[in-house]
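So the sequence lines, in the order shown, correspond to chains A and B. Residue 42 in the working numbering sits at position 42 of the first sequence; the count goes up by one each step and never skips. Count along the second sequence from 1, add 347, and you get the number used in the working numbering.
No lab work stands behind these hints: they were computed from the structure. Check the hints yourself; a few may be wrong.
[To be verified] A few chain A positions that, by computed beta-carbon distances, are all more than 12 Å from chain B:
| hint | residue |
| --- | --- |
| 1 | Ser42 |
| 2 | Lys50 |
| 3 | Tyr154 |
| 4 | Pro165 |
| 5 | Asn246 |
[To be verified] Listed next, the in silico DSS-like pairs over lysine-lysine satisfying Cα-Cα at most 25 Å (straight line):
| hint | chain 1 | residue 1 | chain 2 | residue 2 |
| --- | --- | --- | --- | --- |
| 6 | A | Lys50 | A | Lys61 |
| 7 | A | Lys275 | B | Lys649 |
| 8 | A | Lys275 | A | Lys302 |
| 9 | B | Lys622 | A | Lys275 |
| 10 | A | Lys345 | A | Lys275 |
| 11 | A | Lys345 | B | Lys649 |
| 12 | B | Lys692 | A | Lys275 |
| 13 | A | Lys302 | B | Lys622 |
| 14 | A | Lys302 | B | Lys692 |
| 15 | B | Lys622 | A | Lys345 |
| 16 | B | Lys354 | B | Lys622 |
| 17 | B | Lys408 | B | Lys692 |
[What the hints assert, rightly or not] Ranges of calculated distance between the beta carbons of each label pair, as one might list FRET restraints:
| hint | chain 1 | residue 1 | chain 2 | residue 2 | range |
| --- | --- | --- | --- | --- | --- |
| 18 | A | Cys164 | B | Ser628 | 53 to 59 Å |
| 19 | A | Ala259 | B | Glu691 | 51 to 57 Å |
| 20 | A | Glu307 | B | Glu604 | 38 to 44 Å |
| 21 | B | Lys649 | A | Gln262 | 28 to 34 Å |
Even for Gly, the Cβ is constructed at its ideal location relative to N, Cα and C.
Listed below, chain by chain, are the residues.
2 protein chains.
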Amino acid sequence: MFEEMAKKSAGWLKEVGEESSVVLSTRIRLARNIAGFNFPNSADKETREKLLEYFDSAVGKSEFLGQGNFYRTEEIDRTNSSFLVERHLISPTMLDNLDGSGVFIAPSEKVSIMVNEEDHLRIQAITTGLEMDRTMELAAQFDNEVGRLLEYDYDSDFGFLTACPTNVGTGLRASVLIHLPGLVLTREIEKIIRKVTKMGLAVRGFYGEGTDVMGNLFQVSNQTTLGQSESDILEAIERVTRIIINDEAAARSRLEEEAFDQICDKIWRAYGILKHARVLSSEEVMNLLSAVRLGLAINVIKTLSIETINDILLLSQPAHLMKYYGEDMDADRRDIVRAEMVREKLA
Amino acid sequence: MFEEMAKKSAGWLKEVGEESSVVLSTRIRLARNIAGFNFPNSADKETREKLLEYFDSAVGKSEFLGQGNFYRTEEIDRTNSSFLVERHLISPTMLDNLDGSGVFIAPSEKVSIMVNEEDHLRIQAITTGLEMDRTMELAAQFDNEVGRLLEYDYDSDFGFLTACPTNVGTGLRASVLIHLPGLVLTREIEKIIRKVTKMGLAVRGFYGEGTDVMGNLFQVSNQTTLGQSESDILEAIERVTRIIINDEAAARSRLEEEAFDQICDKIWRAYGILKHARVLSSEEVMNLLSAVRLGLAINVIKTLSIETINDILLLSQPAHLMKYYGEDMDADRRDIVRAEMVREKLA
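Okay, chain A solo, but in the shape it has when bound (with noise of 0.2 Å):
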């Protein structure tokens, strides 16, 4: 299962897109759910599977849809259900929910929707760099095929309806995942979580949170949708986004007048860790390639692609290690493993 899948970069990894030297991605989320059924948390059994089927039925009918796969998470393994959380394809709430729940994957990687997670219908658009409209039109386009074949619970005052009432009005949810070592090495992200806040989106780390954030990445998204249109929110995310790339650089500039040398040895250090260590964990490998993404980024690395960095850090992760080697590993074994993988990527 997800064989050839293991084999290439995920799909919102492969582009370069905008402002790609500081935002890895750029994630759309459309809550929606389905007039006459429960809320698949308080749904039975039968309800959740009638849904399941209502979906893929949908899905059968719609040359667009039919493009792409849909499977019922029974038929996912765990191994496998964590390659599609590493891949961003379903999300870690619906790991450890499995039952009676689906997802929809669309040929490009690009899209999917969970079926019966929180909503009934979660649909998922990613792409790569800082591309607010054209993620927003993919989601669209998969929105108004799925709209066209089942009926959304919709209301004309509050616009539609969800599971959690931060989600009701647009069921959108959209987010930036950043990279900003700059900041954290200058001490001053901080400062810029806070001033976000008050804006009134969220900046958290994207693995881990606090002084554990892993590989200097961060996400910005909004936190509440009611009251706002699509755009107002699109917007401010893109505006917020702006303004961090900007205090990023800043930071970026300030190290390399300040403390080239040192920024140069942190960042060859981390490269001829990763080019020559025998045994690395994820979290260490996803802290080197934070290095290493800014030596490209200030063109001190000049004979490495962001897809690199970008695939090596995909496939550092457990499910997709073991399903790339295509065999069931330990953590000490992977650990190894995943040494040689990253050799052999920058070789």
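With chain A held as given, fit chain B onto it using these hints.
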């Protein structure tokens, strides 16, 4: 001064000797004093000067000694005298008290004679690897020639008279510089040190003491000489060194069996950092080279020679680095230039 010398490796590091996977070098030092002169510590300036001239004229009379060079320490500036210490041609003690002393250096650099250090003469021979006999022969060759020309202070009961009573008798101190990463990693080093001390010999960190020993380099030497013959001393050190070599080999085998991946990881990371870092202190280079040296010894690294490692070890030292690049540098600048030199040597 010493410009030609700075361009090449030290004589005692150029070759590969016996047991070179553990033993870096063997050093023999003979303390000799000249009849009719006070010991340097209690000699006035005039006496010290007279002794220097006396030695210098002896060198002038000998075709054999005449091939070397004799330097008054007044002629040698701070960088150059540090350079000689780093090269093991003069002692750190001499560096602190340069007035009215001198050093004779043989063309091979394997033999030097310090004049007016603690004793009137300290004849020192160093060779690569574990080579007690060969090193003793080399020292004796110079000792005999100097003894032919100058009258040594010798007592038929006590033997050679020396400034410090621990040297009376043969005046011989022999030492072996050994690399013990296996015993350090398996935490057996303290046990070995106690064992060797019980046998009447000393084992000490060569750079630093206790847990601060850098580069896992230790020195085994005799403590006293009175009442022992030259061959007793040399045999004792060789015997104990061979015991330590066996212990070290056993520790390395155990590490290879029980933690091969971790050891390889440590070795290759060290190599990767050396090959890529942009800022390196001499202490860090010493510690990283220790791992790489182990890598060569256990055949994990195959594309590097021990000569290159020794070369880097020597050139990493502050005065060597400044002489090599012909430039005065502060510590920060040295750390950057040192990293350049290491990358160049490993390229």
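Here's how the hints hold up against the structure:
1. Every CB of chain B is more than 12 Å from the CB of Ser42 of chain A (nearest about 50 Å), matching its label as outside the interface.
2. Non-interface call for Lys50 of chain A relative to chain B: holds, since the shortest CB-CB distance, roughly 52 Å, exceeds 12 Å.
3. No beta-carbon of chain B is positioned within 12 Å of the beta-carbon of Tyr154 of chain A; the least distance is around 57 Å.
4. With a minimum CB-CB distance of about 50 Å to chain B, Pro165 of chain A clears the 12 Å threshold, and the non-interface call stands.
5. No beta-carbon of chain B is positioned within 12 Å of the beta-carbon of Asn246 of chain A; the least distance is around 28 Å.
6. At roughly 17 Å between alpha-carbon atoms, Lys50 of chain A and Lys61 of chain A fall within 25 Å of each other, so this suggested pair holds.
7. Distance hint between Lys275 of chain A and Lys649 of chain B is fulfilled; the C-alpha atoms sit about 17 Å from each other, no more than 25 Å.
8. Distance check on the hinted pair: Lys275 of chain A and Lys302 of chain A sit about 15 Å apart at the alpha-carbon level, within 25 Å; holds.
9. The straight-line distance between the Cα atoms of Lys622 of chain B and Lys275 of chain A is roughly 10 Å, inside the 25 Å bound, and the hint therefore holds.
10. The straight-line distance between the Cα atoms of Lys345 of chain A and Lys275 of chain A is roughly 9 Å, inside the 25 Å bound, and the hint therefore holds.
11. With a C-alpha separation of about 22 Å, the suggested pair Lys345 of chain A and Lys649 of chain B falls inside the 25 Å cut-off, and the hint holds.
12. Our distance criterion of 25 Å between C-alpha atoms is met by Lys692 of chain B and Lys275 of chain A, whose separation comes to about 19 Å.
13. The hinted pair formed by Lys302 of chain A and Lys622 of chain B meets the criterion: a straight-line CA distance of about 17 Å does not exceed 25 Å.
14. Restraint check for Lys302 of chain A and Lys692 of chain B: the C-alpha separation of about 22 Å stays at or below 25 Å, so the hint holds.
15. Distance hint between Lys622 of chain B and Lys345 of chain A is fulfilled; the C-alpha atoms sit about 19 Å from each other, no more than 25 Å.
16. Distance restraint check for Lys354 of chain B and Lys622 of chain B: the Cα-Cα separation of roughly 21 Å lies within the 25 Å cut-off, and the hinted pair is therefore satisfied.
17. As the CA atoms of Lys408 of chain B and Lys692 of chain B are separated by approximately 42 Å, the hinted pair breaks the 25 Å bound.
18. Against the hinted window of 53 to 59 Å, the Cβ-Cβ separation of Cys164 of chain A and Ser628 of chain B comes to about 54 Å, which satisfies the hint.
19. One distance hint, 51 to 57 Å for the beta-carbon pair Ala259 of chain A and Glu691 of chain B, is violated here, with the actual separation near 24 Å.
20. Checked against the given bound of 38 to 44 Å, the beta carbons of Glu307 of chain A and Glu604 of chain B, roughly 40 Å apart, stay inside it.
21. About 33 Å separates the C-beta atoms of Lys649 of chain B and Gln262 of chain A, a value consistent with the hinted range of 28 to 34 Å.
Figure legend: structure checked against the earlier numbered hints; hints not met, in rising order: 17 and 19.
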